[in-house]
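The listed protein sequences correspond, in order, to chains A, U and V. This note's numbering numbers the first residue of the first sequence as 87 and each following residue consecutively. This note's numbering numbers the first residue of the second sequence as 20 and each following residue consecutively. This note's numbering numbers the first residue of the third sequence as 39 and each following residue consecutively.
For lysine to any residue, the following SDA-like pairs were computed, each having C-alpha atoms within a straight-line distance of at most 25 Å: (1) A:K530 to A:G672; (2) V:K89 to A:V151; (3) A:K327 to U:G70; (4) A:K178 to U:M64; (5) V:K156 to A:T170; (6) V:K89 to U:I63; (7) V:K341 to U:I63; (8) U:K79 to U:D41; (9) A:K112 to A:G623; (10) A:K270 to A:I296; (11) V:K89 to U:L58; (12) A:K270 to A:L284.
To spell it out: a stretch of chain A is covered by chain V in this simulated footprint if at least three of its residues, at any positions, have a beta carbon under 8 Å from a beta carbon of chain V; those stretches are: (13) 120-134; (14) 150-157; (15) 165-175; (16) 180-191.
Simulated DEER-style distance windows between Cβ atoms: (17) U:M28 to A:K333: 31 to 41 Å; (18) U:N87 to A:K310: 51 to 61 Å; (19) U:E55 to A:E635: 54 to 64 Å; (20) V:A159 to A:D338: 53 to 63 Å.
Hints in this document: simulated from the structure, not taken from any laboratory. Built from N, CA and C at the ideal position, the CB exists for glycine as well.
Read off the chains here:
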Amino acid sequence: MKKILCVPFDPVHDVGIKIIKAELDKYGHDTKLLSPDLTPEAIVKIAASDKFDFILVSRTLGYGVAELLARFVDLLDAAGVRETSKIVIGGKPITPELAAELGFDKGFGANSSMEEIVAYIEGREITLSGQGLNRTKKDIASKYDYSFNNLEIEALLGSIADKLIDWAKTKSSPGIQRAVIREKIFNATDQTEKDSLLKEYYALCDTEIINANTRGKFIKGVRKVTGKELENLANFIKHRKPVDPVKIQHADNHPLVFKFLGSGCPIMDITHAKVCERYGIDGFLVINPSWEARFEGLIEGCLTHENDGTITSFDNIKLLRDSLDSSTLLTVRAHRGLNTPETILLAGLAGADLAKINLVYGSLGAGTDPVRLAVDGLYAIQLAARFNMPFDIPGNDELSGVPAWKSLAGLLINVMIGKKLGAKPILKPLFCYGPHIVINGLMKQNYIDYNTAKILALRSIVNSPIWPGEPIAFMTQSEERVQSANANSYHAALAAGLGVDVITVASTDEAYSRGPICVTSRIDTIRAITDAYKFVGNASFKPTPRAEEFTKMLIDKITEVLTAVEARDNLPGAIYDGLLGNQEDGAYPGTFGAGTVN
Amino acid sequence: MKRALDSVMDAIDIETYLVCADPLEGKKLAMQLGTELNLGEIDIMYEEFDGYGMRVRLRKYIYKPGNNYLYLENIAPEKEGDL
Amino acid sequence: MKSVGIIGTAKNTGKTTTLSALLRSLKNRKIAVTGIGYDGEEIDNITMLPKPRLYFEKGIIVATAAKCILNAEVDYKILKKTSIPTPLGNVFLVEITKPGLVVIAGPNRVSHLKELMKLIAGLGIDLLLVDGSLNRISPMYLLDELIFTTGGSKNTDIKILTDEMVTVEKIFSLPSAAISPDSVSSISFVSGSDFIPCDLATFIDDDDLGILKKCIPDRCEKIIIPLFFSEYALTGLVQFLKSRGSSVAVNEIVLLSPVHLLLSSDFLRLDSLLRLLSNSGIKFSYVFTPRLKAITINPFFPKLYNYHFVAGYLDKDEFLKSMKGKLSIDVFNVKERFDFDF
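The following block holds chain A by itself, in its conformation from the complex:
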């Protein structure tokens, strides 16, 4: 137990020292709090009359105040108090330099935590700031067993998945073949073997990809990252370390927070990511350029791209993975396009933690032929299982106008396929203000009921991790940053209250489309969410009775959709027929890769 004198050296602001006193009392220390109107001499007399281990002084700073504090330190020194008591200053602008200038033994500023103060008082060493994030990597899927509570839906999904797996058994595609070759290239040690494999690989690629890889003739806006640029980045990572890292989660059960990367340039992505990590971001999703999905084959090397989307080459993914803190999760997008199997392979080889796959959305809202994606997707999910990467299933088809129940039915189909193939799927329902919701006035009264219903419906069906996205607050944000930050924080608080596992958050410039995301906008929403988590704690929003009606409605409609899908021969057939989203909804089956499955 330490004897501590708490001195509010300020006529007005004595809240801080009162909080510290209360906290120290909790730890069993003997504290004495002075009133804020004493003269320095009177305080010195009290300090000298008893042997205190510490004298804690709190004061806000302005011009002239430094001299007052310095004189106070002098008086304590002259009165011999310093020989028995350590004197400590606390206040928002206090830095170690300022504490030294004022003559104190120690200073605590705006970024100091109560733990730090208590540790100092108790003479314990604590981890110095600036020495890394000091956190461990989280496993999102480990506590779920994918058991179904809704047996009717389980049976329907089982049949759909079995039929699909059976249907695809004899089928292959250039995408799968390239993944097989790519893996052989990766493991080959002999250059002649590599060259001959590459030849096979290029035989399965589009001209644009061959030109880029063999002649350095890149698609417009793409170039190689130079050695100098990589060296500069390496120096940045090596010499700069996070200072006073922040934890976003206020309670242990609060959802992890993911952000997108995909400025086009891996270097910009990484500098942003390092700052975001320090502000507490748990993981990142890499968004690739939309054109990557349309070509057969992938460009190799460490590449930068002037437009939206960072190229998901092995080198780029590896650069990201190696630059991030080991505790930070990385997920790579492969939910659509003609390179799904190969992208998952590269992600796995480069050490990514998760991958993003959705057989339904990828062929509805994102342009890939349903047959091709079904065949590729099944292979990709098997690869994900092999690399022990959980895969997250985005429900972004809602944004094209598909009703939530169709989107959720699609997610559940993916969950069952994942379960059957030994993978670890993650449900990603949207927290959004999508077109179907707007048109039908489902969120006219509030934004809580319908989003809540999606989570409750999924939970009543299957025991699976849930990760609202992608990002939360989609279509509720404007370019005005306060509105945007607020929208994010409210949705995050809702997610926290619902006890979901992860959320993906946008930035306050999410709605701006004429340039990449800025780091300041990223920080904006992270800070907003940190506050939202603190605000909600283990409390939650109380939905109106409509949430229950919505939940029931969603479960009924999901059952209806799955019954219809199950009645078809196979999943692609159901997608072509619009059972999981039709033209009226605003969803069209994709055409990229049509006729390529053999």
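Model the placement of chains U and V on the given structure of chain A, informed by the hints.
Then chains U and V, alone, in the frame of chain A:
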């Protein structure tokens, strides 16, 4: 021609992120930014150093209480026929 | 080893510039430098205005905090890693091997400065320079000579600044008590060769004064106050002794040092106290008597303009003239070239 700066109701805030090695360099860069943008001396309202750089909110007052608010001059449109 | 301290009356009064001038004019001496706070930084921690910096030539011994020396733009040889703590790490004793800028952050209390002085004395140093911090003075009484710095940053009224320094000069001109520092540790009454102690830990307020008054024996020539006191209590004591009239034998009050007298109140009240003393038949004397070496003035002051600080200046000629006219001690303007001689 009317100066845009004269029409600022009171102040300009600059919110940005400065890459720097320590808080002192960050503060220095922030002050320098004001000069480089021809705003002269500016205030640092908020700063947070995170190890990679400093998130700052900088402010330059264009009008302070009691100043002559140029944007309030010539508010009324000239009436037709007035000479 | 001679020790010289630089004391500021406020922030930005020219401590760093004075120290730089000292370092410039004492090139061929074996010098060590430390400070009781933090000095030499690039931008003021409070006003955000740029500050003069401290440049050290090869061969100078510097005692500064670990963090400061590790970040310094110099080459150096570590002579000793001391166990003297600062908020920026323990104090390192280093010898500069390639000249450059260093921020000085040294021991911030009396006992630590004492300890460091012992270590430095063992290195065969001629001269130890101790940089102040803000207006801090308490550990400085241990030194041989002191230089005061004052200027526009303390007050923008030249007359007030001058009067303050006149008071400082008066305070430093008071005599030595010829008492060994180790001989007394508590308030004592001296009568002939008898020392009668008084059980008081501080001499600050009416309670302390009341106890002391009651304890004064009938026969007593000297009262020794070798601890912290307030000007309020001291004035009360002088008034009490004065009111007892000429029959009272007390004719000397021994204080620890002029630094302690300066610490006890502001310049204005101290001046009144000295005037009260002048016709009381009582004199003050000190156990420790650091000498006042010079006063340097700095016309600069941070002027609050549009809610932020800009550089402002007092009339330097008028300032210097006013000071020189009223003081017998050397006065220099820090902004102009000047040399010290030790």
